[in-house]
Structure formats: C-alpha cells, structure tokens
Amino acid sequence: MTWRWEYEPDEGTVAGGAPAGFLAEVEKMADELVRAAEVLHLHGPGYQDADEGAKYAFVAGGFFVYMVTPRSELLTIWQVTPNPLPLTTRRSFGRWGLTRPAARFQSREEFMQA
Numbered sequence: 178m179t180w181r182w183e184y185e186p187d188e189g190t191v192a193g194g195a196p197a198g199f200l201a202e203v204e205k206m207a208d209e210l211v212r213a214a215e216v217l218h219l220h221g222p223g224y225q226d227a228d229e230g231a232k233y234a235f236v237a238g239g240f241f242v243y244m245v246t247p248r249s250e251l252l253t254i255w256q257v258t259p260n261p262l263p264l265t266t267r268r269s270f271g272r273w274g275l276t277r278p279a280a281r282f283q284s285r286e287e288f289m290q291a
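Residue numbering for the sequence shown is 178 to 291, as defined by our numbering.
These aren't lab readings, by the way, just hints derived from the structure by calculation.
One should not assume that every hint holds.
As the list claims (entries may be wrong) - Here are the computed distance ranges between Cβ atoms for each label pair:
| no. | residue 1 | residue 2 | range |
| --- | --- | --- | --- |
| 1 | 215 | 286 | 43 to 53 Å |
| 2 | 197 | 224 | 30 to 40 Å |
| 3 | 196 | 226 | 29 to 39 Å |
| 4 | 215 | 256 | 20 to 30 Å |
| 5 | 261 | 216 | 29 to 39 Å |
| 6 | 228 | 260 | 25 to 35 Å |
| 7 | 189 | 231 | 17 to 27 Å |
| 8 | 197 | 219 | 28 to 38 Å |
| 9 | 244 | 286 | 37 to 47 Å |
| 10 | 213 | 256 | 14 to 24 Å |
| 11 | 198 | 219 | 28 to 38 Å |
| 12 | 189 | 219 | 26 to 36 Å |
| 13 | 212 | 256 | 17 to 27 Å |
The beta-carbon is built from N, C-alpha and C at its ideal position, and this holds for glycine as well.
Could you build all of it, start to finish, from the sequences and the hints given here?
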C-alpha cells in the first residue's frame with residue numbers, strides 16, 4: 178500500500194464550482210500533507226491509536242478540511258472553501274491573519290470591537 182489523497186466522497190461533490198487556481202493550491206498542499214503523513218506514520222497499516230480527526234489547512238485563496246487515516250495510508254479532503262472576496266478587497270489584522278472586508282472597518286480598534 179502507498180500513501181495517497183482523495184476527495185471524500187468525490188471531487189465533484191467536494192470541489193465542484195471552486196476556482197481552478199484555488200484547487201491547484203489545495204492539491205499542492207494535499208501532496209505535501211501526504212508526504213508529511215508518510216514520514217510521521219512509517220508503519221501506517223500497523224497504526225493502533227485513534228485517528229487524529231479533522232484538521233484545517235489554509236492555502237492561497239481559502240482553506241480545506243481533511244483527515245489523515247494512517248491504517249489506510251490515506252488523506253481525505255472533506256470540504257474546500259474558497260475565499261468569498263478577492264484578496265484586493267480584504268485587510269488583514271493581527272498575528273493570526275484574520276481578514277474582514279476592508280470597507281467594514283476603518284481601524285484595528287474598530288475591528289477588535291466587532
């Protein structure tokens with residue numbers, strides 16, 4: 178068996194309608210996560226602990242929800258969420274990179290009070 182990733186239940190259901198550039202970033206990150214899981218779980222089929230559960234990965238243009246299943250040597254992508262606004266209309270605040278529409282807030286203080 179070899180490590181791989183796939184959409185769950187299928188690509189059309191999970192990623193249908195998402196921008197192609199965003200999906201390319203999702204697939205690139207999925208490849209990297211598979212390589213990391215392969216190194217972390219060297220004996221994947223013999224893995225005895227509980228799965229780690231759902232995790233979030235942030236990429237240019239949005240984020241996606243995935244889960245690593247070591248026993249199956251599989252990373253499944255459950256949901257992809259592209260950003261609803263173009264990056265040119267967004268403003269980032271704070272070290273967490275939180276974003277809100279730029280027109281809504283005039284200052285950091287106003288953003289933090291919202």
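Right, here's what the structure says about each hint:
no.: 1; hint: 215 <-> 286: 43 to 53 Å; in the structure: 46 Å, holds
no.: 2; hint: 197 <-> 224: 30 to 40 Å; in the structure: 35 Å, holds
no.: 3; hint: 196 <-> 226: 29 to 39 Å; in the structure: 37 Å, holds
no.: 4; hint: 215 <-> 256: 20 to 30 Å; in the structure: 23 Å, holds
no.: 5; hint: 261 <-> 216: 29 to 39 Å; in the structure: 35 Å, holds
no.: 6; hint: 228 <-> 260: 25 to 35 Å; in the structure: 28 Å, holds
no.: 7; hint: 189 <-> 231: 17 to 27 Å; in the structure: 21 Å, holds
no.: 8; hint: 197 <-> 219: 28 to 38 Å; in the structure: 35 Å, holds
no.: 9; hint: 244 <-> 286: 37 to 47 Å; in the structure: 38 Å, holds
no.: 10; hint: 213 <-> 256: 14 to 24 Å; in the structure: 20 Å, holds
no.: 11; hint: 198 <-> 219: 28 to 38 Å; in the structure: 34 Å, holds
no.: 12; hint: 189 <-> 219: 26 to 36 Å; in the structure: 34 Å, holds
no.: 13; hint: 212 <-> 256: 17 to 27 Å; in the structure: 22 Å, holds
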